[in-house]
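Heads up: the protein sequence lines correspond to chains B and Y, in order.
Counting with my numbering, you get residues 1 to 586 for the letters of the first sequence.
Counting with my numbering, you get residues 1001 to 1543 for the letters of the second sequence.
FYI, nobody ran anything at the bench for these hints, they're computed from the structure.
Check each hint, because a few of them may be wrong.
Stated by the list, open to error - In silico lysine to any residue, SDA-like type, Cα no more than 20 Å apart, as pairs:
1. K1532(Y) with D564(B)
2. K1536(Y) with E579(B)
3. K1283(Y) with R1543(Y)
4. K1537(Y) with G240(B)
5. K1537(Y) with R242(B)
6. K1536(Y) with F577(B)
7. K586(B) with R1543(Y)
8. K1134(Y) with D478(B)
9. K325(B) with R278(B)
10. K1377(Y) with G240(B)
11. K1512(Y) with K1531(Y)
12. K1080(Y) with H1173(Y)
13. K229(B) with V1464(Y)
To be verified - Computed spacing ranges between beta-carbons, pair by pair:
14. Y562(B) with H1106(Y): 46 to 54 Å
15. L578(B) with K1275(Y): 54 to 62 Å
16. L471(B) with Y1303(Y): 44 to 52 Å
17. M81(B) with K1377(Y): 39 to 47 Å
18. K1396(Y) with E139(B): 39 to 47 Å
19. Q1389(Y) with K83(B): 45 to 53 Å
20. K1532(Y) with H363(B): 26 to 34 Å
For clarity, every value in this text was computed on a predicted model and none was experimentally measured.
C-beta atoms are modelled at their ideal positions from N, C-alpha and C, and glycine is treated no differently.
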Amino acid sequence: MLRSAWFRWIAVISALFVVVVVAFKFSLEKKTTIKAVDSCVVCHSNIKTIGKSHPISVFGCATCHGGNRYATDKNVAHKGMVKNPARLEYASKYCAKCHSDVIDRVEKSIMATNKGIIGVLNKKYLGIDSYPSIEEIKELKTDNLTVNYFRKMCAACHINQLQSIFSKQKVRGGGCVDCHGAKEKNNPHTILTTRIPSSNCLKCHNRSNRIGLAYFGQFQSAGYGTPYKHGEFSHVIKGGGRYYLKLHADIHWQKAHLECIDCHTEHGIMGDGYEHKRFEDQVVIQCEDCHSPQFGKPNELAKLLAQTNAKIPLRDGLEIAYTHKDFRPIYNLQKDKNGKILFYRKLDGKPMEMKLMSNKPYHTLDIHKKLSCQACHSEWMPSCYGCHVANFKNKKQFDWLLHKPTKGAFREFSSFNRFSHPTLGVGWKGKIMPFAPGCQSFVTVYSNGIKPEKQFYRLFFASWDPHTTQLKSRSCTDCHFNPTTLGLGRGSLHIKDNKIIFSPVYNSRLSGLPIDFPLDAFVNIEGKQLQGVSIKTERAFNKKEINSIVSAYSCILCHGSYSDKVYKDFKKSKRLFLEGKTPCSK
Amino acid sequence: MLKVIIAIAFVVLSISAYAEGIRNCTSCHKIEKIDKIHNLSCIECHVLKENRNNVYSHEVVIKNPSSFEYVDRQCARCHKSDIERVKNSLHGTLSSAINITRFVWHAQGSYKPIYGIFKTKHLKAIPQPKDKIKNPADLVDDLLRRKCLRCHIQNNSFGTVGTYRAKGCAACHMEYSKFGRYEGMDAIVYGKKGFSKTHRFFRHPKMSSCLSCHNNEFVGSDYVGLFPQDYDKSFRSPIEKSGYFKMRLYGIGQHHLSSDIHFKKGLTCVDCHKKSDVMGDHKLYERELDAIKISCADCHGGYNKKPNSRFVRRVGDVYIFKSVNGKNYKVSQFNKTLDAHKYHKNVSCSACHSLWQSNHFQLNLYLDKTKNYAMWKNLIYQEDPYLEQFLRKALKNPSIKPTMPDYIDNKLKSGIWYSGWLARRWMPFVLVKDKDGMYRIGRPLFQYRLTYKDENGRIVFDDVNDMAAIVPYSPHTISLYGKSCQQCHNNKFMFEKNALKGSIEELFFQGKVLFGRMVDNKSKVNTLNYKKIRFKKLKCIFR
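Next up, chain B with everything else stripped away, as it sits in the complex (with noise of 0.2 Å):
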């Protein structure tokens, strides 16, 4: 009894404490809120805020920043002071402090290292596989074609960037700011956020081929900027100087608005790690992990990563999903205990309903079973055919990784771009998967004068999913009887002495390119395939699949509905056809 009694006492104590305590801290807070820890402010008065998430009137500046945080002389408060502290090499330092984990990884990542890139032109046009980092090559003095190419035309793309080469409205790299930087109005420093604008992935994922712009239904035309609006070229792609046409665009924008952070989740941009050859080991999301999600209870990542965001609500008692690769938290799809299913952007919270793959036939019937949900749902995919590659040994081009003119300059010509349905063909998952050029390398090195030293081509297709994806599938008819969706080239398809045809319309040879099929053609009627790959386990249709997709057509013509009973059990129906049991073999 006495001893319940001191406890009782003792928990009242300790209460009260506490609350002091949190009283006095509180209080503590609000006043430092008034008085700036940093005198840095005394000079840069006009720094106000640089996200909730960092408030300065816990970190300070110097925290962050470095330098001498109690000195009011120029010279001396800026000794030993960075002015970007989220550029990686600095990042390791001052970000760390709390984010080690996040900055070991991204220095890993795709985005980072640009592996992938660097890999592929490796593979095209040296033949080795062998994929470095730009830190890496960054050290390397002797510098073949592949890495030339990258300083100059791919490197100023790169989250280490040095943003201060970039005029005003392109700036880009900067390490984590690159991605987690927003830019306010009347405020000269940078926001940090987690809730990043698809702007931000935009200023690098933009060009031709790339997934940026076509998810949000852009496709950069021939250069032509019509119509002409106020006396200007209209649709220009951000930027300058390309311009796009208008086309669908995905679904998942077009209708929910959706950014790109609402699929990709934080390992599959900034990594898990590991150091990834290519963007496709690096990614984490797929289709199903929305669509037919598994969920599980939150764990701390999925609420830490709630928390950060601030919009998103993880309330007790619910369930998250995980992804299906690695099982990554998606935070913000969400299961309740009556089980409905949310889907929260992660912008502004906005809640929405998921919608999860049916059961319709066209899901479940194995006919399509190879088939990766972006082969039939993406509607189009921008294709630039032929890239006719320059290199002028002796000229000078800025080179991104050295930030000055060095020598090696190259120029980019192309033969033609188009949208189309995509071409299939077999992908590195073993599904079927779009494809679409990537790249056609026809290249020429010059030394001096005019005569080239040598030329060279390599022609490559790439899988890779558009981001065009609609809620309606292409029809029957546009893989079964399409040339183009086959691999063959665009042209026509034709039946004759049971065995197909296909008349290709592009002549390379006259068109002046040094091969002898059309260069939209990714294989021939025979099943050879013509251009490579950069992943070995791709591969185009071979010529029984060519033969088994357009002789289907003969049954899609009269059974156009997947609702069919010829498809519930389809090696039977087929049996029976051959066999001539069935109406229309009769």
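Could you slot chain Y onto chain B? The hints should help.
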């Protein structure tokens, strides 16, 4: 003294020798004979009658007697009726281009022939461009005179590779080299620009003469397999072994697509298009398609038609065609019993047998009277040789005045017509039911959009876009197999217009269909019968 006498004697002698030499042109100009028929002396053609007695200098020599200003005096003695014919033909008047364009631009109420390049018995001369511009229609004559009518047989100014030609009869009947230089026997003129390739008349015009106008967007170079590349300088490709870009033809780089099967076999334009097609038949026509008399059936036979004996001659069971080059061809005959032929009686041959078509969507025109040249620095190749030359100069020296020639009165006038497309494609197409009930390939010709900026930099018309026409035509890209069935039967541009909404493809075939109507009823095309017959063909590959 003796020296002086000798000197004077020398001068006199050389003058008289020179005068004598003029009389005998051939003493200097060791030039080839024009042909076997025109057995005339040089001055009979090249000097007008009133000057023939005092030919003392080159001043009285006319370079091209077949040009329309001389033709009535120099050639009419023998060719009077032909000259009359040509002058009233579509080639001579370009009335179809003028009147259709004026109609599409709402400058006249119908596309019936009213205006021609020159005044003729039935046609008025194309009006002078208006001074006061109130409506977009007020600019159509300016556009025609300074952009479109560069290609007519009485104009040959501002050539570029492939477009060099002469005026008048010689426009067709003389051959020009690719670079417009003389390559004949006359050492004095050899290599000089502005002369025909050789001093030869050809009864059957060479293909290069036809192609010097019938190129790029128009039927002609598609027969060869050429398809123009895009304007922007980043499309100058490929780089050839020499280290240079592939040569631009007709002002722009060219893709080479599958050429017409007749071309592959060696037939030229004039093998099919005879005099009545090309030089007219004294009648007025609304459009080229009506003026053309030849049809595929004339050689290959048709549903109820035997091959025309004017073109092919029957030898036993086979029909033989003799080309103008003297080569004999066995002409394969139309097979009525093929499924594809059985059910397509009202579809023109070229609708199916053309492998591709040259479609150029949205012709955006921009008449700019200010010196805003820098805007076009990446777009100097606009298939317009004058504009290319001008922009090259203007980009170096931006103070020069914006002027462009009027190809009818040959005066430089203020303002530049710039142009750009929405997209150029060779695969998409629509079918149009022509007024004669035949289904033909339809193409935009053109979907004009107009922007006009006046001298003061004021935008008078800002992207006016109610001037679009789709017309039926015959692509000259014939192949043995041509299109496959589903290209028409499942054509999204005809039957799935809803699916195109909100996409740029919606605009591809938007416009008023002239001479017919758009085909858009899918149920009429995709009948059960179609499926049955198609299935019959397909099931043999089903294994």
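So, going through the hints one by one against the coordinates:
Proximity of K1532(Y) to D564(B) is assessed by CA-CA distance (about 18 Å); at most 20 Å being required, the pair is judged to hold. Taking the CA atoms of K1536(Y) and E579(B), the gap is about 16 Å. The hint holds against a cut of 20 Å. About 58 Å separates the Cα atoms of K1283(Y) and R1543(Y), which puts this hinted pair outside 20 Å; it is violated. A C-alpha spacing of about 52 Å is found between K1537(Y) and G240(B), which places the hinted pair above 20 Å, so the restraint is violated.
A distance of roughly 47 Å separates the Cα atoms of K1537(Y) and R242(B); the hinted pair therefore is violated under the 20 Å criterion. For the suggested pair K1536(Y) and F577(B), the alpha carbons sit about 13 Å apart, so the restraint of at most 20 Å is met. Among the hinted pairs, K586(B) with R1543(Y) is consistent with the structure: their alpha-carbon atoms are about 15 Å apart, no more than 20 Å. Pair hint K1134(Y) plus D478(B) does not hold up; C-alpha atoms about 48 Å apart against a cutoff of 20 Å.
The suggested pairing of K325(B) with R278(B) holds, with an alpha-carbon distance near 16 Å, which does not exceed 20 Å. The hinted pair formed by K1377(Y) and G240(B) meets the criterion: a straight-line CA distance of about 14 Å does not exceed 20 Å. The hinted pair formed by K1512(Y) and K1531(Y) fails the criterion: a straight-line CA distance of about 32 Å is larger than 20 Å. Annotation: proposed proximity of K1080(Y) to H1173(Y) holds, straight-line Cα distance about 16 Å (limit 20 Å).
At most 20 Å may separate the alpha-carbon atoms for a hinted pair to count; K229(B) and V1464(Y) meet this at roughly 10 Å. Between Y562(B) and H1106(Y) the Cβ separation comes to about 50 Å, which falls inside the hinted range of 46 to 54 Å. Between L578(B) and K1275(Y), the C-beta spacing of about 59 Å keeps the proposed range 54 to 62 Å intact. The given range of 44 to 52 Å is respected by L471(B) and Y1303(Y), whose C-beta atoms sit roughly 46 Å from each other.
Judged by the Cβ atoms, the range 39 to 47 Å given for M81(B) and K1377(Y) holds: they are separated by roughly 43 Å. Between K1396(Y) and E139(B), the C-beta spacing of about 44 Å keeps the proposed range 39 to 47 Å intact. Checked against the hint of 45 to 53 Å, the pair Q1389(Y) and K83(B) passes, with Cβ atoms roughly 51 Å apart. Roughly 31 Å separates the CB atoms of K1532(Y) and H363(B), a value that falls within the hinted 26 to 34 Å.
Hints 3, 4, 5, 8, 11 from the list above are not met by this structure, while the remaining hints are.
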